[in-house]
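K.L.:
Chain by chain, the residues:
Number of protein chains: 2
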Amino acid sequence: MANITKKVSWSGRGEESTPLLNGSEEVKYNRQMSGGGVFHIGRLSTVDLDEDITPEEDPVRSKPKEIPHNEKLLSLKYESLDYDNSENQLFLEEERRMGHMSFRCLEISRWVICGLIGFLTGLIACFIDIAVEKLAGVKYHVVKDNIEKFTEVGGLSVSLILWAVLNSAFVMIGAVIVAFFEPVAAGSGIPQIKCYLNGVKVPRVVRLKTLVVKVGGVICSVAGGLAVGKEGPMIHSGAVVAAGVSQGRSTSLKRDFKIFEYFRRDTEKRDFVSAGAAAGVSAAFGAPVGGVLFSLEEGASFWNQMLTWRIFFASMISTFTLNFFLSIYHNKTGELSNPGLINFGRFDMDSVQYSLYEIPLFIIMGAIGGVLGALFNVFNYWLTIFRIRYVHRPCLQVMEAMLVAAVTATVSFAMIYFSNDCQPLETVTSEDYPLQLFCADGEYNAMATAFFNTPERSVRSLFHNPPGTYNPVTLGLFTLTYFFLACWTYGLTVSAGVFIPSLLIGAAWGRLFGILLPFMTTKKLGWADPGKYALMGAAAQLGGIVRMTLSLTVILVEATGNVTYGLPIMLVLLTAKIVGDYFIEGLYDVHIKLQSVPFLHWEAPATSHWLTAREVMSSPVTCFNRMEKVGTIVDVLSNTSTNHNGFPVIIQVAASEEPGKLCGLILRSQLIVLLKHKVFVERARSRLSQRKLQLKDFRDAYPRFPPIQSIHVSQDERECMMDLTEFMNPTPYTVPQETSLPRVFKLFRALGLRHLVVVDDENRVVGLVTRKDLARYHLGKHGLEELHLAHT
Amino acid sequence: MANITKKVSWSGRGEESTPLLNGSEEVKYNRQMSGGGVFHIGRLSTVDLDEDITPEEDPVRSKPKEIPHNEKLLSLKYESLDYDNSENQLFLEEERRMGHMSFRCLEISRWVICGLIGFLTGLIACFIDIAVEKLAGVKYHVVKDNIEKFTEVGGLSVSLILWAVLNSAFVMIGAVIVAFFEPVAAGSGIPQIKCYLNGVKVPRVVRLKTLVVKVGGVICSVAGGLAVGKEGPMIHSGAVVAAGVSQGRSTSLKRDFKIFEYFRRDTEKRDFVSAGAAAGVSAAFGAPVGGVLFSLEEGASFWNQMLTWRIFFASMISTFTLNFFLSIYHNKTGELSNPGLINFGRFDMDSVQYSLYEIPLFIIMGAIGGVLGALFNVFNYWLTIFRIRYVHRPCLQVMEAMLVAAVTATVSFAMIYFSNDCQPLETVTSEDYPLQLFCADGEYNAMATAFFNTPERSVRSLFHNPPGTYNPVTLGLFTLTYFFLACWTYGLTVSAGVFIPSLLIGAAWGRLFGILLPFMTTKKLGWADPGKYALMGAAAQLGGIVRMTLSLTVILVEATGNVTYGLPIMLVLLTAKIVGDYFIEGLYDVHIKLQSVPFLHWEAPATSHWLTAREVMSSPVTCFNRMEKVGTIVDVLSNTSTNHNGFPVIIQVAASEEPGKLCGLILRSQLIVLLKHKVFVERARSRLSQRKLQLKDFRDAYPRFPPIQSIHVSQDERECMMDLTEFMNPTPYTVPQETSLPRVFKLFRALGLRHLVVVDDENRVVGLVTRKDLARYHLGKHGLEELHLAHT
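Just so you know, the sequences run in chain order X and H. The first sequence begins at 17 in this note's numbering and counts up by one. The second sequence begins at 17 in this note's numbering and counts up by one.
Not one of these hints is a red herring.
Treat identical chains as interchangeable: a pair holds within one or across any two.
As a list, the in silico PhoX-like pairs of lysine-lysine whose alpha-carbon atoms are at most 25 Å apart:
{"#": "1", "residue 1": "K270", "residue 2": "K692"}
{"#": "2", "residue 1": "K274", "residue 2": "K708"}
{"#": "3", "residue 1": "K88", "residue 2": "K762"}
{"#": "4", "residue 1": "K762", "residue 2": "K788"}
The hints are simulated quantities; they were obtained by calculation from the structure and are not laboratory data. Every value quoted in this text rests on a predicted model; they were computed, and no experiment measured them.
Isolated chain X (complex conformation) (with noise of 0.2 Å):
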């Protein structure tokens, strides 16, 4: 199946040979392949340059025999999206057509389109808060009233079993929509939007039917007792509804509202998922700053001053909608004062102030944070492991989710039965369902406020609580409790984010924190509230966890709604990606990587100036020529061995041996729309009516091109030609073959390349880099390391 092919550096200049990194056994895919009338282009050689190779230059060869682990592969199913136009005759005539006017209209449907996903991203998340809200209610009154019941009584256990077969009921039904219907609804959605930005297609990852399974598998896992939030997968939520909206269609339910037709391209595609995931954070967390800045954080590259504007008023009126429509519901209309999900509540401004002496101790909470954010990732990363080898078949994922939520139910009943921290009820205004259990009348179980609740309102209370409302104990057993029962749940087949369980292990500890201070203290200092403790720790934790660090703090600034605290929050979410850095990646990253996604990250290794684009290329190269046979096309596009989706056109010097001169490129998906409308040459003669092919035509099609199976070519048609030229961009980026890798990288990147051209000095094709021989290389612990290709 794999030929071992050796790729060799040579280079033009005998001084500057380089030696190599990828000269070692690579089992690579051969790309290469047979074709009537295609061109190879380019060399390939099988000269031995092992002896040139140290060990510590090959760590891949160093451990030849063991199985590659997951994250040392780069998987080849994932394909690349377009973010760079092609700029071909049609569409340069449609442009040249359109005046000022159209732009100014084009412009201004843009805005509209931002308006109308903040409209629907807020309207979703109002759903979502209310539905859980009134779910969760229910669940927790029913299982009050039994717990009520049965203290006196005895025989708790059937509450506890009322409690365990609830929860387990909610995240089936969860569990069941997400693992049958829609796999890719699972978890918080951020890495798979993270992967959509950075230019990676994932299959059916902006689908409405993804959306639905989305919001229904959030609601059941939430009101399931869980140990998960519901923000996480707003921002996926707001990415779908982006791209739904702006393409003025639903392939779904086979509607086309005719409209915004302009925008059916990867690149219009992209900007408005930015707004969209930026619209979810800020109805998530309110913060329609820190929606703008994730959006720009984890997402766009090229930073365009009139895309951030569209994307900001997206967030406004995503964080606007959720807010009017949730004063609505709460009898207060026109009072804004629920800006987002997740209300971190009001801090006073006298416990709001910090002293100089604190800083270090935010600083050691966040190297704390940063610790315990590596622990979680690194359980967390074996966990995937584990779920990927052996917990692949839905009905196991369904057990596995209501295992979680049994065992959620149970650890959070022992917990509140064992524990005999009673509090005075009168101290509580927060507190929706307190639960007296063992306590004394007019008192409740102190356990049962972090437990017996949504998170959200757990954080709440830990954040403003007054002091003495938690006792240490409580506080440090919950900690450790909630912390494995979230890396537990994190990557169960349920819609669920980590926001939220980060924020609640981390106002846990941070709270617990605060409470020892002055035990550890000789001086009697005037320690404030354990609250801001709390809020430090949450930062420390979520920073530690998802490593985000200029949108995480206007987040959470914005969240708090008290700039105050903007300083310290920084300093804790610094030091705790970096204390976490040194150990592991961020949770994303980590679980973009199990994927094996050939992600790109924002600057090529810094010691990958050894490599250029003659050793990283795809080499040889399938071209066309400008005026092609049918069946050449068709033969290239049916091997299904190389699936290839850009080729370099080229032109033959006529009755010349040497291979042809670039110019253009053409993807697949024209391809297959050309052979779909039979836009042959002979055919054009025959019949001179035929219909011109428009820009519409590839629009239609756009983005499910059909595959080349299902497109019949007789015959005869095969014999015919087709002609390139109008369709194929005239214009591809093309690099010299001497060209540096983080050259070659930035340009790649910054542009949102999926093929990018090498040519020698006479403009001839020699190679083509795509995305996955760049994101091949990665800076490993012994310099730079190269990724196995594999077909997973």
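For chain X, the structure is supplied; the task is to place chain H on it using the hints.
P.N.:
Only chain H this time, still in chain X's reference frame:
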């Protein structure tokens, strides 16, 4: 001097000939030149295409005899910066020698430098703040004592003269140092920093001398009572600090610390300057996140996560340093409650609430702000044109500044004198210099709170003084006079910012709006504190003048210290921007345009798909051979009429007439260094021991490369050859001739290029695209317009 040449478009394929914009009579300096051995590649035609051009397409020609306005010109005096690394052999060899650890060390030094930048910027802000406070305090006390002395005995004209003279004296000092020592230190410096980050080399803008003059100037102008703020100049100061620290030397002080040599190139320096600008914003407004956003919104095009974090770090350190030292100065060590130079004060939680019905009001305020801002910009635009034409001698400039200072004092005095708005003294707590004047005992003059005060304090009084403190007439008069004073003041030859005056104007009319609201409505709604409307008015006015949206929102929110106002501030700013943009650009862009700077916006004009690289490029191009005669190089470099800065290097095909193939790109600065070190082939042969030129030699010469005139080349040496292979960039980016302007623009802008080589399909050089060629096209009222190039 100016040969009139006409460039003509032609097309490889007959059917796609495009009408031309620049086929008209274009007064352009011909770049053609003659020199032995230099190749002119490209074609020049004088075919007259006039008959093809309809009047609509040729706006320039329709008014041919008029003296061109300043804004229709593009100055050729500005050089570009090189934000694309020249990856020549020397550079690659160095990078390849560096191990993983060296890159780590570099990364750590980047963080250290950013920390230093933040620290020093904070210190400077602290120094300015204390100096202004001291000087203004002395001034106001002297004047107040004098007024009090003369109020009863009569003869207040003496006080007026005293006040005017004191103001003029301060302003004179400030104007003299700016006008005579460093004119580039005038104004806020934000347009200059915008240009620098955009890639335009503004001479002397990041020098130590500029910093010293700027700091001195801003202290004098604020203490001199002008309608200016000290916040804008902080951004410039931060940028200068960054440029200095990151280079590890100061040319002004002639000290080279031999550190950070790796960072001595444009790319790295720009990154640090971004950090410096962010640190400046952060110190000015106590807005670290706002600072980062400002840097990104105004400067960066390619968003890099690591860079963003460093910028963020610099911002944090800056605000922290300022905070810390100010807390020491105020004898409250450790209380970190003074995050920025301007402090909007604390908004009470109760007055902070806003309701739904207020949203339309805020939008109306935004629109008012947009209109008033546009008016401000239009007036300032006319004034600036007047100044450019008539007030260009330093003496005149100083006199104008003094005149403005005296008028400001007189107007303020008159306003206070004729005002009969007396307020009881006990309601005011924020008042430092209450003037009794003709008020009864225990009362003070309300107009004096606005005029007899530093602008920062006045803003705060407008935000926070309780309802009823100002009467509407006072506010209306104040708005009117201050509007014109501020408008006259901006653009004077003093260092001063426009942020605070804008806020002040806006706060005044905003408060007026808030006071008048209850009169306009019939229903007695419980109108909240007018301070809220003052804040919105301030945001609207500032947004209407400078038109930054995202960063300004965050800056204002951070300065307010309260997130609740986030949404209304955003709405107001967005409305102000949209309304204002309808009339005229933002103030900074107006000034950039008036300076005829070749500034590249975010995207090419929408309707520019008509144009291709062939039409926009400069042609013919002066090229060098890989092995070139020294005499030729010296002649080309000495040719003052062209003054090219980048030269494609070509390989001539032996004994062939056709132009050579592109093999690299070399810069003037590199050639200068080569000539200075006499890296000639013959010399190398004769003296074998000659030291090989290293990257260090280039870095030592950076950024002030000597002019070619200072390098003596003997007649013998002129006959030597130079081998450019090692020094040229072997992989310059290229585009084919058919590439559309938006595509060329995107590549150029996203990668921060300085030269982009246009090649034909044989990889032969046909033209060169530089910044001027792209900045020339802009969207005017009649569609795409082209600016004239001029040596102004």
